[in-house]
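Line by line, the protein sequences give chains A and B. Just so we're aligned, residue 3 is where the first sequence starts under the working numbering, counting upward by one. Just so we're aligned, residue 7 is where the second sequence starts under the working numbering, counting upward by one.
Please keep in mind that the hints were generated in silico from the structure rather than gathered at the bench. Keep in mind that the hints are not guaranteed to be accurate.
Unchecked claim - Here are the in silico distance ranges between beta carbons for each label pair: (1) B/Met44 / A/Gln134: 40 to 46 angstroms; (2) B/Trp290 / A/Asp145: 18 to 24 angstroms; (3) A/Ile33 / B/Phe52: 27 to 33 angstroms; (4) B/Pro69 / A/Asp113: 25 to 31 angstroms; (5) A/Asp113 / B/Leu73: 37 to 43 angstroms; (6) A/Arg128 / B/Val272: 31 to 37 angstroms.
Only a predicted model underlies this, so the values are computations on that prediction, with no experimental measurement involved. Positions of the beta carbon are idealized from the N, C-alpha and C atoms, including for glycine.
Given next are the chains, with one letter for each unit.
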Amino acid sequence: MNLWNKLMCYSRRRSPWLFHMNSGSCNGCDIELVASLTPRYDAEQLGVRLEGSPRHADILCVTGPVTRNAVGAIKTVYSQVCGPKAVVAIGSCPATTNVFIDSRTLDGPLDKHIPVDVYVPGCPPRPDAIVQGVARAAQILADRAANKPVVEVKAELPTEEVRQ
Amino acid sequence: MNSLTTALARLLVFPGLLFAIPAAWFFLWVERKSVALMQGRIGPPFMQPFFDFIKLLGKTTPPRNGLGGLLMKAWPLIAVSSAAGAVGLLPVLPLSGGFEGDLILLLALLELPSMCIIAAGFSSRSIFGEIGSAREAVLSVAYNVVFLLAIVSIAASQHTFRLEGLAALQYSPLHLLGIAAILVCLPAKLHINPFSLPNAEQEIYSGPMTEYAGPELAMWELSHGLEWVAATGLVATLVAPHVTVWWLGVLLFAALSFGVVLLLSVVAAATARLQIDTTVRFYWQCTLIFAVLAISSALFMRFRL
Ligand code: SF4
Chain A
3 MNLWNKLMCY SRRRSPWLFH MNSGSCNGCD IELVASLTPR YDAEQLGVRL EGSPRHADIL
63 CVTGPVTRNA VGAIKTVYSQ VCGPKAVVAI GSCPATTNVF IDSRTLDGPL DKHIPVDVYV
123 PGCPPRPDAI VQGVARAAQI LADRAANKPV VEVKAELPTE EVRQ
Chain B
7 MNSLTTALAR LLVFPGLLFA IPAAWFFLWV ERKSVALMQG RIGPPFMQPF FDFIKLLGKT
67 TPPRNGLGGL LMKAWPLIAV SSAAGAVGLL PVLPLSGGFE GDLILLLALL ELPSMCIIAA
127 GFSSRSIFGE IGSAREAVLS VAYNVVFLLA IVSIAASQHT FRLEGLAALQ YSPLHLLGIA
187 AILVCLPAKL HINPFSLPNA EQEIYSGPMT EYAGPELAMW ELSHGLEWVA ATGLVATLVA
247 PHVTVWWLGV LLFAALSFGV VLLLSVVAAA TARLQIDTTV RFYWQCTLIF AVLAISSALF
307 MRFRL
């Protein structure tokens, strides 16, 4: 791998710009995403910037269970993000449609429509989990620049004792 | 031949590209970092603007075709080259050359990036871009009257449109009034709070930049940084006392520019965005008085001499 490629990988890992898209969430996850940029969690240390336009973004952060109305918008916005791009599904809603499962107004989960790279489970997830998910997505972008195979991280499900 | 080499050295080495590009990244970092510190955050790492630039270079751009697409690709390049040319004109080194009327060229080059932003927003055909461009146009009409009057007042009191003559200026109350008026115009020129109307984030997406991506956006970021260097450098050359030792001149220039950047970023962090009509009223009603005062006293002094 030559020097330019190495620099590119490093820069992609250090400069994830986000675009936040709400696909019908209850607003819980959106608040937590914004909270991860506040002084306590300060995601800007990782180079994170919340962008106003999907054209500028590297990582698309989707919250919400994907309502029927949102499907078209999600596809449009996903195609507006310029490559290389990654998608982070924030909250349990885009992953599984959560408590809204079987609702006739939904057309979820998210991975039915666009490829998802990182799931951040929780209802809502804590801001530090969101920061971790974004950092993971940035690492995936860097790995793609290096043509490395992306390593799958096995989800660590809580054991019975923790759940009780 | 000799003057050509000096001109090239000024454009490419100091205070031109070789100095100005790292300085642009540094100033962009100072801006973000000081906002973060004032909000009680740690903020981005030192190399952040550089990483952003490299990353943007490696991204794809949406396909653009036809004349509109060609224009959209051209605007950021024109903006970058004119901002770099403006930095190259600054008389930092003593006896660095220059010509009669280079102040006018500098003002024109400083104005060109904002023209490019206006044109870029309209050629992107995005509704947010068009709103942003309209705001930028109104803003530039508002602050430019004051900005130009202030600079012309300093130049008129000195009987020259040569930058070197202005850099060698003695302090006077009139001079300070002019510099204060220029400083008030800088936040609007650099689109930072409280006058960040054209690129108002969360309000009209990213204004004229909405449709830009990848390397083109990288060029816009760079031209914004170079505008920082040129605008703060202009103030630094006006404020700096006249020295004949070249390294002292360079150090003073860098330190004063840094001071101005710090001042502007603190103002940006401490204020919120104003509405467009408040902004126009601010410039045309409150600040214009100073500028008119400065230019009338400059002309008055000139006739008395
Ligand atoms: S995961 Fe929970 S908090 Fe987030 S949008 Fe769904 S219901 Fe709301």
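Could you check the structure against the hints above and give me the numbers of any it violates, in ascending order? 1, 2
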